Amino acid sequence: MNEMKIEFDAKSENEGFARVAVAAFMSSLDPTLEEISDVKTAVSEAVTNSIIHGYEGREGKVYIMCKIEGDVLEVVIEDYGMGIENIEKAMEPLFTTKPEMDRSGMGFAFMEAFMDNLVVESERGKGTKIQMIKKIGTTSWLGETE
Amino acid sequence: MGEDFKIIENYLMVKMPEELDHHKSVYIRKKADQLILKEEVKNLVFDFEETKFMDSSGIGVIMGRYKMIHYLGGKVFVIHADSQIRRIMKMSGLNKIIEIVE
Numbered sequence: 001m002n003e004m005k006i007e008f009d010a011k012s013e014n015e016g017f018a019r020v021a022v023a024a025f026m027s028s029l030d031p032t033l034e035e036i037s038d039v040k041t042a043v044s045e046a047v048t049n050s051i052i053h054g055y056e057g058r059e060g061k062v063y064i065m066c067k068i069e070g071d072v073l074e075v076v077i078e079d080y081g082m083g084i085e086n087i088e089k090a091m092e093p094l095f096t097t098k099p100e101m102d103r104s105g106m107g108f109a110f111m112e113a114f115m116d117n118l119v120v121e122s123e124r125g126k127g128t129k130i131q132m133i134k135k136i137g138t139t140s141w142l143g144e145t146e
Numbered sequence: 001m002g003e004d005f006k007i008i009e010n011y012l013m014v015k016m017p018e019e020l021d022h023h024k025s026v027y028i029r030k031k032a033d034q035l036i037l038k039e040e041v042k043n044l045v046f047d048f049e050e051t052k053f054m055d056s057s058g059i060g061v062i063m064g065r066y067k068m069i070h071y072l073g074g075k076v077f078v079i080h081a082d083s084q085i086r087r088i089m090k091m092s093g094l095n096k097i098i099e100i101v102e
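Protein chains in written order, with the working numbering: chain A, 1 to 146; chain B, 1 to 102.
Simulated from the structure, these hints should not be mistaken for lab results.
Just so you know, these numbers come straight off a predicted model, no measurement behind them.
In this text, a Cβ means the ideal position worked out from N, Cα and C, and glycines have one as well.
Certain hints may be false.
Think about it this way: if two alpha-carbon atoms lie no more than 30 Å apart in a straight line, the pair counts; the simulated DSSO-like pairs of lysine-lysine are [as the list claims (entries may be wrong)]:
#, chain 1, residue 1, chain 2, residue 2
1, A, K11, B, K67
2, B, K67, B, K15
3, A, K98, B, K31
4, B, K67, A, K98
5, B, K75, A, K98
6, B, K96, B, K38
7, A, K67, B, K52
8, A, K89, B, K90
9, B, K90, A, K135
10, A, K89, B, K15
Here are a few chain A residues that sit away from chain B, every Cβ distance over 12 Å (derived from the structure) [unchecked claim]:
#, residue
11, I6
12, E34
13, I68
14, I87
15, P93
16, E100
17, M111
The task is simple: from the sequences and hints, build the whole structure.
Right, dumping it as structure tokens:
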């Protein structure tokens, strides 16, 4: 087992750092380029949600915890922001509370599509915790997904 | 390396950045909207040649500009997108409303 934790300010310029840090951590699993891209996209979606929805541009911290056990990567992304009012609604593809910011409403759909498992816990006024799991090394022999 | 805006006849050409996320998308949206209105361009081309990463923020950028260009009677094109980016575009249904040129 291998674990890492990072904590950073909820600023948009940290979105790139966050996904690259997770991608670097998972490199010991010898992932394919597609697997790296999947994880980076899912992390980027969750971190962006924390920054623009959780904290709504206000100051705050985003926490990432990663764990590798065998060939399974677990990523937990947590914030102490405003929380999600209706998780079911938030997870519907194309649903967004920020259309004026040109948010596509595809964030959760991508997290679900690119990871094997997604668990969302949220409480109004307390924050949101996203747990994602992906088995690495299973897609390479399945061929092209297109 | 970064985003870049060029006008060729009635086309606005936007070179997308290496990493297209929420952080980068804010400026691209603003600048593209300004140019579309000011220069009265009809069509829009997003060039993904240098882009190696895109998340749903990129979908939002394209979708938002599509609404504007479509309203003005023009077309939106995506060029030089790699397989990873085309996959994300397909998943969001973007390929049904804009032209993805391979």
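How the hints compare with the structure:
no. : hint             : verdict
1   : K11(A) / K67(B)  : holds, 28 Å
2   : K67(B) / K15(B)  : holds, 19 Å
3   : K98(A) / K31(B)  : holds, 20 Å
4   : K67(B) / K98(A)  : holds, 16 Å
5   : K75(B) / K98(A)  : holds, 25 Å
6   : K96(B) / K38(B)  : holds, 28 Å
7   : K67(A) / K52(B)  : holds, 26 Å
8   : K89(A) / K90(B)  : holds, 22 Å
9   : K90(B) / K135(A) : holds, 24 Å
10  : K89(A) / K15(B)  : violated, 34 Å
11  : I6               : holds, 17 Å
12  : E34              : violated, 7 Å
13  : I68              : holds, 22 Å
14  : I87              : holds, 17 Å
15  : P93              : violated, 8 Å
16  : E100             : violated, 10 Å
17  : M111             : violated, 9 Å
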